[in-house]
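Undergrad: Top line first, the protein sequences correspond to chains A and B.
The opening position of the first sequence corresponds to residue -15 in my numbering, with each subsequent residue numbered one higher.
The opening position of the second sequence corresponds to residue 340 in my numbering, with each subsequent residue numbered one higher.
What the hints contain is simulated information worked out from the structure, not anything from laboratory work.
Predicted model only: the values in this text are computed from it and were never measured.
Please note that the accuracy of each hint is not assured.
[What the hints assert, rightly or not] DSSO-like cross-link-like pairs, simulated, lysine-lysine; straight-line CA separation at most 30 Å:
id: 1; chain 1: B; residue 1: K610; chain 2: B; residue 2: K508
id: 2; chain 1: B; residue 1: K356; chain 2: B; residue 2: K558
id: 3; chain 1: B; residue 1: K356; chain 2: B; residue 2: K610
id: 4; chain 1: B; residue 1: K602; chain 2: B; residue 2: K510
id: 5; chain 1: B; residue 1: K609; chain 2: B; residue 2: K558
id: 6; chain 1: A; residue 1: K10; chain 2: B; residue 2: K508
id: 7; chain 1: B; residue 1: K609; chain 2: A; residue 2: K10
id: 8; chain 1: A; residue 1: K10; chain 2: A; residue 2: K75
id: 9; chain 1: A; residue 1: K39; chain 2: B; residue 2: K438
id: 10; chain 1: B; residue 1: K505; chain 2: A; residue 2: K39
id: 11; chain 1: A; residue 1: K10; chain 2: B; residue 2: K510
id: 12; chain 1: B; residue 1: K609; chain 2: B; residue 2: K794
id: 13; chain 1: A; residue 1: K10; chain 2: A; residue 2: K78
id: 14; chain 1: B; residue 1: K602; chain 2: B; residue 2: K794
id: 15; chain 1: B; residue 1: K432; chain 2: B; residue 2: K602
id: 16; chain 1: B; residue 1: K505; chain 2: B; residue 2: K609
id: 17; chain 1: B; residue 1: K438; chain 2: B; residue 2: K505
id: 18; chain 1: B; residue 1: K602; chain 2: B; residue 2: K558
id: 19; chain 1: B; residue 1: K356; chain 2: B; residue 2: K510
id: 20; chain 1: A; residue 1: K39; chain 2: B; residue 2: K510
id: 21; chain 1: B; residue 1: K508; chain 2: A; residue 2: K39
Listed below, chain by chain, are the residues.
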Amino acid sequence: MENEETLGEGRQKLVLQLFVSGMSPKSMEAIENARRIFDESCSEFFELEIIDLYKNPEAALSHHVVFTPSLVKSLPLPKKILIGNLADSEKVIKALGITFK
Amino acid sequence: MYSFPILYMQEISSLAKVSTGIEGLDEVTGGGFPEGRPILICGSAGCGKTLFGIQFLVKGILEQNEPGVFVSFDETAADLTANTSSLGFDLDKLSGEGKLRVDYIRIERSEIEETGEYDLEGLFIRLNYAIEAIGAKRIVLDTLESLFSGMENEGLLRAEIRRLFKWLKDKGITTIITGERGVNTLTRQGLEEYISDCVILLDFRVVDQIATRRLRIVKYRGSTHGTNEYPFLIDENGVSVIPITSLKLDYGTSSELISTGLKPLDALFKKGGFYEGSSTLITGTAGTAKTILAGYFALGSCLRNERVLIFSFEEAPEQTIRNLLTIGIDLRPYIESNLLQIHASRPTLYGLEMHLLNVNKLLTEFNPKTVIVDPISSLVSVGSPVEVKAMLVRLIDTLKTRRINALFTCLMSHTGIAAGDQGTIEAVSSLADNWLFLENGLVSGKRQRSLLIVKSRGMEHYNDSVNFTISSAGINFAASSIPTKSNSAHGK
């Protein structure tokens, strides 16, 4: 997984937060899909944090999370919020502005 | 608080209700909003939806001690605080006390991408967190429909919103949901389909360049309610609604008497004055001393140490006072001691409803025993005869209900009664208990002022016309026409 535009060397890391609501099916799907797309092996290109809103409801306030699951890309700008279970990987990748080789 | 004689106030159902915090709306809804249920308030942009919500929460905190959460999808907390401070609401203070929570949820459509199935659990969690934090009993969601902006999967959102309402209902939280008016629906997203308990429609319209705000209860399950359109006002004290009363003739009547303020005039009534709480109409062409008689009436009330409220539609207060001073009626001390208030405004300043609302607000604030409207005929210019008539009927009815001594002057044209005036006079004269008719005649080139009591309900009165003059000492009745024991001609 590499992209010269956003993931090349010296480029900013993708800072991602995945907000889920407990163990709901959609949450589990989203976590699974996120792990599939953002493989551990290329962790130098991104930071992925998974936040359970039930355990940390204040996080919903600071990030204006309404829809769950929500994948928030806070860096690099512009900010993007991907809502849904991330089943459409192509759309996810496109929305984040990265491309596969 | 004042009460109106409204038929639907006799609540039959046992539905628990909470005060709306909006003056007059509790009367119209027969006690308030349904407790623990969602209420939809819809209307076009700028009709006052947000304000209804804010006032519902603020008054809920101040008067019912029910903490509340305001969830704003449109305005930041800071904007909201600034925008409502002019209405006397201190949101910061209430937030500081832990009674109010303003939660701004920013939804930037351009940032959002739908990548599969989702739900609104994030919103549920936020709401739950806010509710628990302050123990909220009331919530306002303003404007929930912002969630829909441009979303692809509408069906999913609808199902979630339905779930949200049910969840709030289960939690027993009284919720106001605001919605923008759609083209053929009450709200853009048809939220009214999901809220079956209480739907209120606000309207802001301009007719003949005069703006009026109106409110209508579209539905209220399990409760009787007023079905009319009710005008409402937004001013420095917030929102207030005026219930257009159903005209029940059940006001208390009094056998007590009050002076007209002019002794010779009192003498024309067998019992020596008007009945307390009665309404009096004075008609006459220009320059027949209508305002002077009104001045005496005001003075009489002041001398009894009873509060007087004068609505002047033609003269500034200073002018009225100066003019009355030239004939020896000095109202200045009473203005200073706040026993007398004069409110002068151009009739065309606002619509009829607003005039009526204004009168009602002043009645509540000042609580006068005597009200004078000078002249009532000026209001004709504000609306159609039908509207004016309806408004006057309501005004007189309100005054009677409050057992206020009312006096209206009414200008008639020199060529007889003008078409516009006809309706006014008819409307008022049938409701007025006393009717005095003033006339300027010419007798061999000399002006002859005269007064005739057209009617005085429940009171024998002098039947003939009485001549009088006006000097710096005031009104003098011609000695020959003052009734004495020998020449009195009282009749009914």
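Undergrad: Does each hint fit the structure? Answer for all of them.
TA: Quick rundown of the hints versus the structure:
Note on K610 (chain B) and K508 (chain B): the hinted pairing is violated, with a Cα-Cα distance of about 62 Å set against a maximum of 30 Å. For the hint pairing K356 (chain B) with K558 (chain B), the CA-to-CA distance comes to about 15 Å; that is within 30 Å, so the pair holds. Proximity of K356 (chain B) to K610 (chain B) is assessed by CA-CA distance (about 49 Å); at most 30 Å being required, the pair is judged violated. For the given pair, K602 (chain B) sits about 67 Å from K510 (chain B) by alpha-carbon distance, which is inconsistent with the 30 Å threshold.
Restraint check: the Cα-Cα separation between K609 (chain B) and K558 (chain B) comes to about 53 Å, which exceeds 30 Å; the hinted pair is violated. About 25 Å separates the Cα atoms of K10 (chain A) and K508 (chain B), which keeps this hinted pair within 30 Å; it holds. With a CA separation close to 88 Å, the supplied pair K609 (chain B) and K10 (chain A) exceeds the 30 Å bound. Using a Cα cut-off of 30 Å, the hinted pair K10 (chain A) and K75 (chain A) holds, with the two alpha carbons roughly 17 Å apart.
A C-alpha spacing of about 24 Å is found between K39 (chain A) and K438 (chain B), which places the hinted pair at or below 30 Å, so the restraint holds. Between the alpha carbons of K505 (chain B) and K39 (chain A) the distance comes to roughly 23 Å, so the proposed pair stays at or under 30 Å and holds. For the proposed pair K10 (chain A) and K510 (chain B), the alpha carbon gap of about 25 Å is at most 30 Å, so the pair holds. At roughly 13 Å between alpha-carbon atoms, K609 (chain B) and K794 (chain B) fall within 30 Å of each other, so this suggested pair holds.
Among the hinted pairs, K10 (chain A) with K78 (chain A) is consistent with the structure: their alpha-carbon atoms are about 21 Å apart, no more than 30 Å. With a C-alpha separation of about 19 Å, the suggested pairing of K602 (chain B) with K794 (chain B) holds against the 30 Å cut-off. Restraint check: the Cα-Cα separation between K432 (chain B) and K602 (chain B) comes to about 56 Å, which exceeds 30 Å; the hinted pair is violated. Using a Cα cut-off of 30 Å, the hinted pair K505 (chain B) and K609 (chain B) is violated, with the two alpha carbons roughly 68 Å apart.
Between K438 (chain B) and K505 (chain B) the alpha-carbon distance is near 24 Å, which keeps this suggested pair within the 30 Å criterion. The straight-line distance between the Cα atoms of K602 (chain B) and K558 (chain B) is roughly 55 Å, outside the 30 Å bound, and the hint therefore fails. Of the pairs offered as hints, the one joining K356 (chain B) and K510 (chain B) holds, with about 16 Å between alpha carbons and a cut-off of 30 Å not exceeded. Restraint check for K39 (chain A) and K510 (chain B): satisfied, since their Cα atoms lie roughly 21 Å apart, inside the 30 Å limit.
Distance restraint check for K508 (chain B) and K39 (chain A): the Cα-Cα separation of roughly 24 Å lies within the 30 Å cut-off, and the hinted pair is therefore satisfied.
Of the numbered hints stated above, those contradicted by the structure are hints 1, 3, 4, 5, 7, 15, 16 and 18, listed in ascending order.
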